[in-house]
Structure formats: structure tokens, C-alpha cells
Amino acid sequence: MTGIEKNQNPKSQPEENFWVEMVKTLAIAGVLAFGIRTFVAEARYIPSGSMEPTLLINDHLMIEKISYRLHEPERGDIVVFRPTEALKEQDYHQAFIKRIIGMPGDTVEVKGGVVYVNGQALSEDYIKEVPDYSYGPEIVPDDQYLVLGDNRNNSYDSHIWGFVPRKNLIGKAFVRFWPLNRMGTIHDDLVEPVVSQPVHE
0 MTGIEKNQNP KSQPEENFWV EMVKTLAIAG VLAFGIRTFV AEARYIPSGS
50 MEPTLLINDH LMIEKISYRL HEPERGDIVV FRPTEALKEQ DYHQAFIKRI
100 IGMPGDTVEV KGGVVYVNGQ ALSEDYIKEV PDYSYGPEIV PDDQYLVLGD
150 NRNNSYDSHI WGFVPRKNLI GKAFVRFWPL NRMGTIHDDL VEPVVSQPVH
200 E
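Just so you know, we're using numbering that gives the first Met the number 0 here: the sequence shown kicks off at 0 and counts up by one.
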């Protein structure tokens with residue numbers, strides 16, 4: 000009968016294997032986490048009241064990044080975006096979160112407490128109060144968006160600093176996971192459909 004060769008250091012080999020596997024596992028987990036955060040989704044929290052009553056201070060959200068790789072943003076989407084050049088010049092470097100109101104080519108105007116897109120008044124049940132300012136009319140440039148906070152009179156948004164380029168969009172807010180009593184999907188389908196701006200020949 001052939002005997003089994005004995006390991007001269009029976010404890011060292013399993014211990015070595017354990018640490019090698021641990022390093023491999025951590026490395027793979029790190030790569031996966033980086034990949035998910037970069038390309039799929041990431042967590043964000045709300046530091047201000049500019050999106051009240053839809054989003055409250057200290058709400059924690061998941062921002063998904065896949066949709067905008069497959070199709071264009073839509074009116075009503077609640078989006079996270081990197082600061083525009085105009086905002087960077089004012090020393091803003093953190094991401095913003097607002098709602099898309101104006102699409103490329105739209106004419107947007109705010110007057111008498113009502114937002115008009117292409118001459119059509121929006122019915123906005125989701126805002127905190129009607130805006131007490133006037134804006135426009137302004138045409139949204141190609142590949143850019145006009146974004147407003149739901150807390151219209153306490154939001155630093157497009158009516159002050161301009162439009163958001165498509166390339167600045169990070170992703171779309173889709174679920175709130177904290178606090179638990181407010182956990183759930185974030186509804187962005189509350190904005191009425193708007194007739195596109197007619198093309199004048």
C-alpha cells in the first residue's frame with residue numbers, strides 16, 4: 000500500500016492559502032464595487048430642502064446609471080448631475096439633484112406662479128408651492144436640459160444659473176432606502192405630457 004506523503008509543515012500551507020484567497024476575494028470585491036458604482040448605481044443622500052416635498056433632508060437614495068446609456072432622459076426624471084461650468088465658476092463642486100422640466104428644443108417660461116412648456120401650463124401637484132419668480136421664455140439648447148427643484152422658491156436651479164448639458168448627468172433617482180418609513184420607489188411620472196415644440200421651416 001502506498002502511503003500518503005506527509006507535509007513537513009502541516010499548518011503553514013492552509014494558512015498561506017487562507018490569506019491568498021482572502022486577498023483575492025477583497026480585490027475582486029473592490030473591483031466589483033468600483034464597477035457597480037461607476038456604471039450601475041450608487042447611493043446618495045439629500046443635504047438640502049430644494050426638492051421638498053418629494054425628497055427630504057437626509058433621505059438616502061439609489062441613483063441608477065443604466066437607463067441613460069440605453070435611452071434619453073425624460074421630462075419629470077429626478078436626476079443627479081455634476082456641476083455645470085457656470086456652477087464651477089461659483090465654486091460648486093458637489094453633485095446636484097433636480098427634476099427635468101425642459102427638454103432640448105423646448106421653450107420654457109415661468110409667470111404668474113405657473114410653469115409653461117411650449118405654451119402649455121404644467122399641472123404640478125408635486126411642488127411645495129408655486130414659484131414666486133418669473134423666467135423666460137427661454138429655448139433649451141440641444142443636448143441640454145432645464146432642471147428645477149420641487150421646492151421652487153428655495154432651489155438653486157436652472158432659472159438662476161442656466162441649463163445642464165447631457166454629459167453632466169450622472170444618473171436617475173429611482174428608490175429611497177432610508178428612512179425606513181419613507182422607503183420605496185421615487186415616482187417621476189407626475190409631470191404631464193407636453194406637446195413638442197413645432198419645427199418652423
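These are computed hints drawn from the structure, not numbers from a lab.
Being a predicted model, the structure only gives us computed values, none of them experimental.
Accuracy of the hints is not assured; some may be wrong.
To be verified - Computed list of lysine-lysine pairs in BS3-like fashion (alpha-carbon distance at most 30 angstroms, straight line):
no. : residue 1 : residue 2
1   : K110      : K64
2   : K64       : K166
3   : K166      : K127
4   : K64       : K87
5   : K127      : K110
6   : K110      : K87
7   : K87       : K166
8   : K87       : K127
Hints versus structure:
{"no.": "1", "hint": "K110 / K64", "verdict": "violated, 34 angstroms"}
{"no.": "2", "hint": "K64 / K166", "verdict": "holds, 12 angstroms"}
{"no.": "3", "hint": "K166 / K127", "verdict": "holds, 29 angstroms"}
{"no.": "4", "hint": "K64 / K87", "verdict": "holds, 23 angstroms"}
{"no.": "5", "hint": "K127 / K110", "verdict": "holds, 17 angstroms"}
{"no.": "6", "hint": "K110 / K87", "verdict": "holds, 29 angstroms"}
{"no.": "7", "hint": "K87 / K166", "verdict": "holds, 15 angstroms"}
{"no.": "8", "hint": "K87 / K127", "verdict": "holds, 28 angstroms"}
Of the numbered hints given earlier, the model fails hint 1 alone.
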